[in-house]
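Engineer: Sequence:
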Amino acid sequence: MFQINNPVDINQPKRSIMVLSDWFAPGIRAGGPVTSSVNFSYAMQNDFNIHVLTSDRDLGDSQAYPNVNVNRWSHFDRNISTFYCSPQYQAYSSIASMLERSQPDFLYLNSMFSKSFTVFPLWLHLFRKLQSTVVLAPRGMLRKTALHFKPIKKHGFLNLLRATGIAHRIRFHATDKQERADIHRIFGRHSRVHVIGNCVRSPKPRNTTQTKVSGHLKIISVGRIHPIKNTHLLVNAVAAAENRLTLDLYGPIEDANYWKTCQQTINQLPGHIRIRHRGIVHAEKLQTTLDCYHLFALATAGENFGHAIYEALAAGKPVLISDQTPWKNLQAKQAGWDLPLNAMRAYTQKLDQCALMGPEEYNRWSLGAHQLATQFAHSKTRRLEYLKLFTE
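Per this note's numbering, numbering through the sequence shown is continuous, rising by one, with the last residue being 413.
Don't take each hint at face value.
[As the list claims (entries may be wrong)] Derived pair list, reagent style EDC-like, types lysine to aspartate or glutamate, alpha-carbon separation capped at 16 angstroms:
hint, residue 1, residue 2
1, Lys35, Asp68
2, Lys150, Asp126
3, Lys225, Asp312
4, Lys409, Asp68
5, Lys349, Asp359
6, Lys165, Asp344
7, Lys233, Glu382
8, Lys239, Asp269
9, Lys225, Glu305
10, Lys371, Glu263
11, Lys233, Asp312
12, Lys239, Asp373
13, Lys171, Asp276
These are computed hints drawn from the structure, not numbers from a lab.
Work out the full structure: start from the sequences and follow the hints.
Structural biologist: Following this line, the structure appears as structure tokens:
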């Protein structure tokens, strides 16, 4: 087992939260979970000492992040410290030693099925080796669509949790009413669930310099190339459009065979349609990248929150998404459209409708998108709800 070279004293007067997450900054490939953990840490740093326990490499990478200290505590920001664990340090004995020695006031688990950063801490809590209050955020992993992937392993673990009764000794953090329903479906209605939206950055002033010409639409989609994101449905919807459309896909190709299926359609596109995979966009460049497009689109099978959706709205981009996210009734707010996945013809119709918009009409939808993001970001109750979750 590794020695902790530079331990941070987390037994200070200010209460402490240890955030456990498979990935944290500077990671980018895991998408929303990284953003959720980073935004939470910044949002709570004035009220708590935040200590992040995470892996030392990005999703799918074989090497550690450059320029980070591995297997030791490091300063990240004011009242935020990080511990990047090598694969060897993610063993049960190492995680147990770390948590038993630290005994933070709260453990904030940001996954449902992570072996090192959820299963091991829950096991320690079950056998009362930890005095910490445990808060578990499933991060959308209890959705029925998410449970369709690797179902035997996931349902086996959930059955074990139910059998131990540990779900009634911890707190759950759900980000919307649907996730609360998923938690109650799995663990029973007596589970203690706090429904609080994700922490987000306040939108910057809207960029009004981009022009919109009727008959042309530039579309951006940000997310993993994976069946759960339904990349193929979006590709098919764009391919069927009558107007001149460009779709740029950003995100890691997580399923190579699935991407080959998408490419079969892309290789047969008509001349007025262009679809490209543009690689991965770094978080700090996402806003400037969004500024180059008119519309954000994502035909996802399910999102716990959808940080990329929020970022698009914050950039003043209307969104065309499925109805499997917390972002609802978008058309009434002139911020976009949330459509069922069994109505892909409607996706194509909205794409053509947006393509035909002139500058004045498009500006109204852009303004509606930015206003929706601003209203969400400036919620006066969200911070109080988080303080309640981590103080009671």
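Engineer: Take the hints in turn and mark each one as holding or not.
Structural biologist: The hints, checked one at a time:
1. Lys35 to Asp68: Answer holds: Lys35 to Asp68 is near 7 angstroms, not above 16 angstroms.
2. Lys150 to Asp126: It holds: about 14 angstroms lies between the C-alpha atoms, which stays within 16 angstroms.
3. Lys225 to Asp312: Holds. Lys225 to Asp312 sits at ~12 angstroms (cutoff 16 angstroms).
4. Lys409 to Asp68: Answer holds: Lys409 to Asp68 is near 12 angstroms, not above 16 angstroms.
5. Lys349 to Asp359: At roughly 6 angstroms apart (the allowed maximum being 16 angstroms), Asp359 and Lys349 satisfy the hint.
6. Lys165 to Asp344: 14 angstroms, holds
7. Lys233 to Glu382: It holds: about 9 angstroms lies between the C-alpha atoms, which stays within 16 angstroms.
8. Lys239 to Asp269: Cα-Cα ~8 angstroms, so holds.
9. Lys225 to Glu305: The given pair, whose Cα atoms are some 13 angstroms apart, holds under the 16 angstroms limit.
10. Lys371 to Glu263: Within the cut-off at roughly 11 angstroms; holds.
11. Lys233 to Asp312: 12 angstroms, holds
12. Lys239 to Asp373: OK: Lys239 and Asp373 at ~11 angstroms, within 16 angstroms.
13. Lys171 to Asp276: 14 angstroms, holds
Hint check: no violations occur; every hint is consistent with the structure.
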